[in-house]
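Protein chains: 2
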Amino acid sequence: MSDLPAEFALIARHFRPLAGPGALDLRDDAALLAPPPGRELVLTVDAMVAGVHFLPDDPPDLVGRKLLRVNLSDLAAKGAVPLGYLMTVSTPKATPESWYAAFAAGLAADQVQYGITLLGGDTTSTPGPISLSLTAIGHVAPGTAVHRFGAQAGDGIWVTGTIGDGALGLAVATGRLADPSGYLLERYRLPQPRVGLAICGVASAGMDVSDGLVQDLGHICRASGLGATIEAARVPLSDAARAAGPDWLKTCLAGGDDYELLLAVPPAHEAALQRAASAAGMAVTRIGSFHQGEPLVMVRDASGEPLALERGGWSHF
Amino acid sequence: MSDLPAEFALIARHFRPLAGPGALDLRDDAALLAPPPGRELVLTVDAMVAGVHFLPDDPPDLVGRKLLRVNLSDLAAKGAVPLGYLMTVSTPKATPESWYAAFAAGLAADQVQYGITLLGGDTTSTPGPISLSLTAIGHVAPGTAVHRFGAQAGDGIWVTGTIGDGALGLAVATGRLADPSGYLLERYRLPQPRVGLAICGVASAGMDVSDGLVQDLGHICRASGLGATIEAARVPLSDAARAAGPDWLKTCLAGGDDYELLLAVPPAHEAALQRAASAAGMAVTRIGSFHQGEPLVMVRDASGEPLALERGGWSHF
Numbered sequence: 014m015s016d017l018p019a020e021f022a023l024i025a026r027h028f029r030p031l032a033g034p035g036a037l038d039l040r041d042d043a044a045l046l047a048p049p050p051g052r053e054l055v056l057t058v059d060a061m062v063a064g065v066h067f068l069p070d071d072p073p074d075l076v077g078r079k080l081l082r083v084n085l086s087d088l089a090a091k092g093a094v095p096l097g098y099l100m101t102v103s104t105p106k107a108t109p110e111s112w113y114a115a116f117a118a119g120l121a122a123d124q125v126q127y128g129i130t131l132l133g134g135d136t137t138s139t140p141g142p143i144s145l146s147l148t149a150i151g152h153v154a155p156g157t158a159v160h161r162f163g164a165q166a167g168d169g170i171w172v173t174g175t176i177g178d179g180a181l182g183l184a185v186a187t188g189r190l191a192d193p194s195g196y197l198l199e200r201y202r203l204p205q206p207r208v209g210l211a212i213c214g215v216a217s218a219g220m221d222v223s224d225g226l227v228q229d230l231g232h233i234c235r236a237s238g239l240g241a242t243i244e245a246a247r248v249p250l251s252d253a254a255r256a257a258g259p260d261w262l263k264t265c266l267a268g269g270d271d272y273e274l275l276l277a278v279p280p281a282h283e284a285a286l287q288r289a290a291s292a293a294g295m296a297v298t299r300i301g302s303f304h305q306g307e308p309l310v311m312v313r314d315a316s317g318e319p320l321a322l323e324r325g326g327w328s329h330f
Numbered sequence: 014m015s016d017l018p019a020e021f022a023l024i025a026r027h028f029r030p031l032a033g034p035g036a037l038d039l040r041d042d043a044a045l046l047a048p049p050p051g052r053e054l055v056l057t058v059d060a061m062v063a064g065v066h067f068l069p070d071d072p073p074d075l076v077g078r079k080l081l082r083v084n085l086s087d088l089a090a091k092g093a094v095p096l097g098y099l100m101t102v103s104t105p106k107a108t109p110e111s112w113y114a115a116f117a118a119g120l121a122a123d124q125v126q127y128g129i130t131l132l133g134g135d136t137t138s139t140p141g142p143i144s145l146s147l148t149a150i151g152h153v154a155p156g157t158a159v160h161r162f163g164a165q166a167g168d169g170i171w172v173t174g175t176i177g178d179g180a181l182g183l184a185v186a187t188g189r190l191a192d193p194s195g196y197l198l199e200r201y202r203l204p205q206p207r208v209g210l211a212i213c214g215v216a217s218a219g220m221d222v223s224d225g226l227v228q229d230l231g232h233i234c235r236a237s238g239l240g241a242t243i244e245a246a247r248v249p250l251s252d253a254a255r256a257a258g259p260d261w262l263k264t265c266l267a268g269g270d271d272y273e274l275l276l277a278v279p280p281a282h283e284a285a286l287q288r289a290a291s292a293a294g295m296a297v298t299r300i301g302s303f304h305q306g307e308p309l310v311m312v313r314d315a316s317g318e319p320l321a322l323e324r325g326g327w328s329h330f
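Read top to bottom, the protein sequences are chains A and B. My numbering applies: residue 14 is where the first sequence begins, and numbers increase by one. My numbering applies: residue 14 is where the second sequence begins, and numbers increase by one.
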């Protein structure tokens, strides 16, 4: 094998160990997947480019895990069970072998955590920055996937975990905020996709929060033809986010990179949601409700007054 | 919609018209796919980078079609029926809107030709060259997909269509060869994946020829644990390739970008292969055979002597 082209050797050393059944050891041009009988597949893809979605000197293991986790977060928002993934990796010729080793080690750790394997991929060179893409595949019972549309007036607005840590972590990474515990930076670099929260048949609509709570809530409002009101004081913040102080509240509400789930839940399903969250070991918090009206998002402060956000406030999107 | 971010407007104008059922109009973060009952899925992914896999000033419609077709060729080599695809498009901010329009128009034309639709995608910016990835999904009867392994001693070596046009087309594109008819350049820029050739249960092994006939035959030899001998005079050439003259024969045998199928076919299945080819309107030609021995590829010239190839000749790979 020693006289194989360098690309094949790279695949053999770093990516073949990630391959699961059906991937044919990455020796073939295509993978096989026997879909679970009677299930519907859920497919999602994201690209990440160095200098745009991550910093060129970010730890490669965290780059790999974030690439995988942002896609797992999309699957989680549909209520899907992850099955596996395909990936492309385009790297400059000068990329050291240690980069691939660390990148693959990060993926290997997450494969164990989420019970998935690599199905196939493509490695190429590029004269530009590292460019990555990942297609994740999951499954749901037919007809039960959660969509952005489907929220009803009177549904509560719920979120998992805490909001704003990712945006504050970016502020830490760029030197604008102190982070004594390191918690915020960790939350920015390593999202915790809410895989395993059983939302099918419970949430009437939902998505993951990647572009900021208020903007993403606007997507559900538009898709569902409803208005929404949230109470800023109810939005769950981590201890580290609270410690940053009230000046950072708007960053929490309008920032991004949360990878928490944002759900519309009818009052009759609230107990079911709380049981599902308890079973998955996750926190869920009701932060507001949907109502008839223009697809606007209103954020109220503690005194009930509208809170104006510089970005993603209570206006048309 | 006019105050949506530019990315959403771009998706709405150029990519939403490509979306099929299950793609949720590309308004969601994930797509749904109900796999055909009782079928196995075949998945393949390829990345293409400007300056590596295509030239920055190549016509964008042909770039889109080539991106799709190289993946359809991988599906064809497994004997799979194409279902749909997901795609990522990372472009410099200065990319004119006309580029996306032409790129999408090429994809639209091929979607009609191959009966598939876009299931999902992601568009991002990049500070580097245009970077594309495409994940194609097809299906086969369980257990019938064709692999690189599985060839048996005595199997004939068969190819579809003609070999070498892609490599000669690249020579035309780079000014090293004349192409009065334009045929070779067209073959390089717009592969014709052999979708629809019913090879399941007929071929014992196979792959598509993308890295050159001799090198790719070496892959089947290694995967199947066999040697192979091909007769150069039997390798089917197009009229345009013959017109280039005998000096270009080695380029045809060792070049790439053919996207023809290379198949191992037991003698008992030769009639079935020819019926399948006739039904699909494709030519198939027997160019040699597999035999017990080291995984070497021997190319014989018209007088039976070994033909030495500068690249990808009869040596270990």
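Please keep in mind that the hints were generated in silico from the structure rather than gathered at the bench. Careful, some of the hints might be misleading.
Reference excerpt, derived from the structure (chain B facing chain A, CB under 7 Å, subset only) [unchecked claim]:
hint, residue
1, D38
2, D41
3, T157
4, A158
5, R161
6, Q165
Label-pair ranges, simulated between beta-carbon atoms [stated by the list, open to error]:
hint, chain 1, residue 1, chain 2, residue 2, range
7, B, D314, A, Q126, 48 to 58 Å
8, B, D314, A, A19, 28 to 38 Å
9, B, A122, A, A22, 34 to 44 Å
10, A, L68, B, R255, 50 to 60 Å
11, B, K106, A, A19, 28 to 38 Å
12, B, A166, A, A22, 23 to 33 Å
13, A, Q126, B, R288, 27 to 37 Å
14, B, E110, A, S194, 45 to 55 Å
15, B, A166, A, A292, 32 to 42 Å
16, B, E110, A, G306, 45 to 55 Å
Since the model is a prediction, treat every value here as computed from it, not as a measurement. Ideal placement from N, C-alpha and C gives every residue a C-beta, glycine not left out.
Right, here's what the structure says about each hint:
Evaluation of the D38 of chain B hint against chain A yields a violated restraint, the C-beta minimum of about 10 Å exceeding 7 Å. Proximity of D41 of chain B to chain A holds as hinted, the smallest CB-CB distance being about 6 Å (cut-off 7 Å). This hint is violated: T157 of chain B has a C-beta 10 Å from the nearest C-beta of chain A, more than the 7 Å allowed. A hinted interface residue such as A158 of chain B counts as satisfied when its beta carbon comes closer than 7 Å to some beta carbon of chain A; here the least separation is about 6 Å, so the hint holds.
Using the Cβ-Cβ criterion of 7 Å, the hint placing R161 of chain B at the interface with chain A is satisfied: the shortest such distance is roughly 6 Å. Checking Q165 of chain B against chain A: minimum C-beta separation of about 18 Å lies over 7 Å; hint violated. The given range of 48 to 58 Å is respected by D314 of chain B and Q126 of chain A, whose C-beta atoms sit roughly 57 Å from each other. Our hint of 28 to 38 Å for D314 of chain B and A19 of chain A holds, since their Cβ atoms are close to 31 Å apart.
A hinted range of 34 to 44 Å for the beta carbons of A122 of chain B and A22 of chain A is consistent with their spacing of about 39 Å. For the pair L68 of chain A and R255 of chain B, the beta carbons lie near 54 Å from each other, so the given range of 50 to 60 Å is met. Separated by about 32 Å at the C-beta atoms, K106 of chain B and A19 of chain A satisfy the suggested range of 28 to 38 Å. Look at A166 of chain B against A22 of chain A: about 29 Å separates their beta carbons, and that is inside 23 to 33 Å.
Checked against the given bound of 27 to 37 Å, the beta carbons of Q126 of chain A and R288 of chain B, roughly 50 Å apart, lie outside it. A hinted range of 45 to 55 Å holds for the C-beta pair E110 of chain B and S194 of chain A, which are about 46 Å apart. Between A166 of chain B and A292 of chain A the Cβ separation comes to about 57 Å, which falls outside the hinted range of 32 to 42 Å. Look at E110 of chain B against G306 of chain A: about 34 Å separates their beta carbons, and that is not inside 45 to 55 Å.
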